Every structure is written in structure tokens, then in C-alpha cells.
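Sequences listed follow chains A and B, in order.
Take the position in the first sequence, starting the count at 1, then add 8; the result is the number in our numbering.
Take the position in the second sequence, starting the count at 1, then add 2; the result is the number in our numbering.
Warning: the hint list may mix true and false statements.
As the list claims (entries may be wrong) - What follows is a list of derived Cβ distance ranges for each label pair:
#1 B:Asp103 with A:Glu33: 55 to 61 Å
#2 B:Trp217 with A:Gln59: 23 to 29 Å
#3 B:Asp117 with A:Asn82: 44 to 50 Å
#4 B:Arg199 with A:Glu33: 35 to 41 Å
#5 A:Glu33 with B:Gly190: 36 to 42 Å
#6 B:Trp217 with A:Glu73: 49 to 55 Å
#7 A:Glu90 with B:Leu111: 46 to 52 Å
#8 A:Glu73 with B:Val301: 38 to 44 Å
#9 A:Glu90 with B:Trp100: 52 to 58 Å
What the hints assert, rightly or not - Negatives, chain B to chain A, calculated, CB over 10 Å:
#10 Ala25
#11 Ser43
#12 Ala52
#13 Arg67
#14 Arg75
#15 Phe99
#16 Asp117
#17 Ala167
#18 Ser204
#19 Arg215
#20 Glu298
By construction, these hints were calculated from the structure, which means they are not laboratory data.
In this text the structure is predicted, and so the values were computed from the model without any measurement.
Glycine included, every Cβ here is placed at the ideal spot set by N, Cα and C.
What follows is the residue order along each chain.
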Amino acid sequence: MADQLKQELKELIVETLHLEDVQPEQIPDDEPLFGGGLDLDSIDALELVVQLEKTYGIKLGSSEESMKALGSINILADYIRERAPKA
Amino acid sequence: MARPVIQSRKNPGPSWGYAFLTAAERLLPRPVLNTALHLGSDVSVPLMPAQRAASAAYLEAVMGRPPRPVEVRQHFRAFLDSLMAKLRLARGVAPEFWVADVPQREAFLRLCRADRPALFGTMHVGYADLMGASLSQFGRQIHMLRLRVGNSLDTELIEKHFSGAVRFVWVNEPEQYLWQLKQVMEAGHTVAMQCDRLEFGSKREAFDFLGARRWFPFTLYYLAHLYQRPVAFAFAVPTGPGRVEVVPSQVLEPQASRKAALEAGRTHFQGVLNLLETILRDHPYVWFNFLPLNEEAPVAPNSTPTATAG
Numbered sequence: 009m010a011d012q013l014k015q016e017l018k019e020l021i022v023e024t025l026h027l028e029d030v031q032p033e034q035i036p037d038d039e040p041l042f043g044g045g046l047d048l049d050s051i052d053a054l055e056l057v058v059q060l061e062k063t064y065g066i067k068l069g070s071s072e073e074s075m076k077a078l079g080s081i082n083i084l085a086d087y088i089r090e091r092a093p094k095a
Numbered sequence: 003m004a005r006p007v008i009q010s011r012k013n014p015g016p017s018w019g020y021a022f023l024t025a026a027e028r029l030l031p032r033p034v035l036n037t038a039l040h041l042g043s044d045v046s047v048p049l050m051p052a053q054r055a056a057s058a059a060y061l062e063a064v065m066g067r068p069p070r071p072v073e074v075r076q077h078f079r080a081f082l083d084s085l086m087a088k089l090r091l092a093r094g095v096a097p098e099f100w101v102a103d104v105p106q107r108e109a110f111l112r113l114c115r116a117d118r119p120a121l122f123g124t125m126h127v128g129y130a131d132l133m134g135a136s137l138s139q140f141g142r143q144i145h146m147l148r149l150r151v152g153n154s155l156d157t158e159l160i161e162k163h164f165s166g167a168v169r170f171v172w173v174n175e176p177e178q179y180l181w182q183l184k185q186v187m188e189a190g191h192t193v194a195m196q197c198d199r200l201e202f203g204s205k206r207e208a209f210d211f212l213g214a215r216r217w218f219p220f221t222l223y224y225l226a227h228l229y230q231r232p233v234a235f236a237f238a239v240p241t242g243p244g245r246v247e248v249v250p251s252q253v254l255e256p257q258a259s260r261k262a263a264l265e266a267g268r269t270h271f272q273g274v275l276n277l278l279e280t281i282l283r284d285h286p287y288v289w290f291n292f293l294p295l296n297e298e299a300p301v302a303p304n305s306t307p308t309a310t311a312g
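With the sequences and hints as input, model every part of the structure.
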């Protein structure tokens, strides 16, 4: 199930941010989502957080918490599993 | 709790400057005050070489020739006049705002009067902060985000005077800007943002402005799509003593598709810049940009530069 969540998250990132040149499976589990190869910025982070909140029913309160949760796919999956009602 | 002091290029004047100007306005007769202010402004021109150079570069771009020294002084004076107008508003002396008789006037007024949250954009043009106040006259509560600087008394006084109709959301750190904006948007508030400087905008795109392709922040349109808000810009241009003309842009309605929304945003913002350029050609001193002009974008090898309107 954990792998399924990670795959879902990768697809959500690609779809939400319209990353036309990136396939979900190309996103590594353990590399930073921001400041890494995806070249994402703070508006991307905001769009992603809003979509994650809608999809998983979680609430990311602050920029620090959000950026920490978006540390990598592994970290994000753990964060959602801990807080989401049905992840 | 002590406020952190933000090092910023903004508000280069001393922290006591606004308090001094407010006191001077209370104590001195208007003609004496105006003469003293203009003399003070003229003295500041040689003392602020970076701002003077930026003013000259901007005026050259908008006038199509190098400005004369008196024109740079006039630009500085216009900025001081706008500060005084803000301080007067904070004391309850409001100028008369009227919306310019342009084709998009009715759509803009409908949006202002509508009971739905919107995004209003403006730039450091004319009485931008007072424009928030003028929008509040339509019964809207306007939220404006501001990076906390050492001397923000002018905006604090405006907020105090409007007691809730205009809310300044103070941002202590630039990286918090978008996240505080998220909270304001999610609360369903109407937001006014200044969109000519790149300092807060993580998304930037190139548009035709003053004879070149230049980078501008484009974050507003991402937010508009994300929160499905209509967008309108307005420029508050002083046209005489106590009289301010509000020149609105077209209203951009939200679209469901992200791609379509951003494409419509590009067209809309180019229209906004064309409108601004027309205003600036008539009123060159009202863009208070004492920073280097928006950087030029490299021209793609196969593209043809587009002529700007005006």
C-alpha cells in the first residue's frame, strides 16, 4: 500500500503542476522535491499543498511545515499516512 | 514582542521620516509646507544616487530621451506628494476618487460592487495604497500584504483610519509571503497586490513594456486560477489637488482549465501593461519605481520583438 501512495503522489505532482517533460516514475522517492531536479518554486509548492489538502483531507499549517512535508516523496508519504483519514 | 527589522531596498528614508512629515503637516500652513517639502525633495536627489539613476533610466524609457535634471527632481517630488496624500488620508483627509470613463468601467464597477472575492492588482503607480481605500468604499474589505519594513507608519495609519475596511497583512519574512496569502485567500477575502516588482513573485514571465520584453511577476494569475478568483487591475492617478482618477483594466473571469486560465492571464496582463504604458506616457512621474527597470528578457532566436502600445 505504501508504494501505491507514493505512486499516487508522483502522479498528483505531475498532473497538478503540469510537468509535461516528467513521467511520475522518474521522480525519485528520496530526493528533495524542491531545490532538486524538478525545478519547482514556491508557487508550485502552494499549488501542490492546496491539491494535497483537497485530495487527502489534511491541513498544512505553515510554510515551514509544508516545506518539511514536501522534503521528498518518502517524507510526504509518511506525513500523509500519519495525518490523512484514509491514506 | 519586538518586530524583526527587515533589511530592504524599500522605503529608503529614515524610520522617523513619516512621523516628522505628519507633524510638519499639522504645524505648517500648506503653502509653506509644500515649498519646504519640495526643497527637501530636491535636496534628497543628489543624496540618493541609486534612486536618481533608476529614476533617470525609467524616465528615459518612458520619454524616449534622457530626462533633464528638473524632470528627475519632479519625479522625486511626485513621490513625496503621494506619501503626503497617504498621511493625509490616515488623518481622514481623503481625495476624491472617480473611475475613468473607459469602456471597461462598468465591468470593473460591477466587480467592485459584487459580493464575491476578487484579486485586484496594481503597481507602484500613483496612489496605489489609497486605491485600496477607494475600493473599500464599495463595501469591500480589502486585504493588502506588505513586507514589514522599518518605517511603515504610513500604511499602519491608513489601516487605523479605515478600522477594518482596509487590512494590511504584515509579512515579516519574504518566504512567508505566499503562505500568508494562502490563509487570506482561503478565508475568502478580497486581496489587492502590487505586481510590478519581482521580489515576491516566484512565477515571472516576459511581457512587452516600454520598448522591450521585460520580466514581470505572474504569480497573481496562478493564485487567481488556484482559488478561482476574477482579476482586475486599477491605477489611481492624481489628476489635480485632491482628485484621483482610477483607471481600471478589463476584468478577467476565472476559467476551469489551468492552461486556458494562464493563457488568458498572459493576454490580460499584456493589456494591463499596455494600459499602464499609455498612462505613463501622459503622466510619466506617477510610476514610483526608484529601482532598476524590470530586467529585459532574452529574445528567443526565432521570435520577433513585438511593438508596445502607445
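Enumerate the violated hints, using their earlier numbering and listing them in ascending order. Going through the list in order, the structure violates hints 6, 18 and respects the others.
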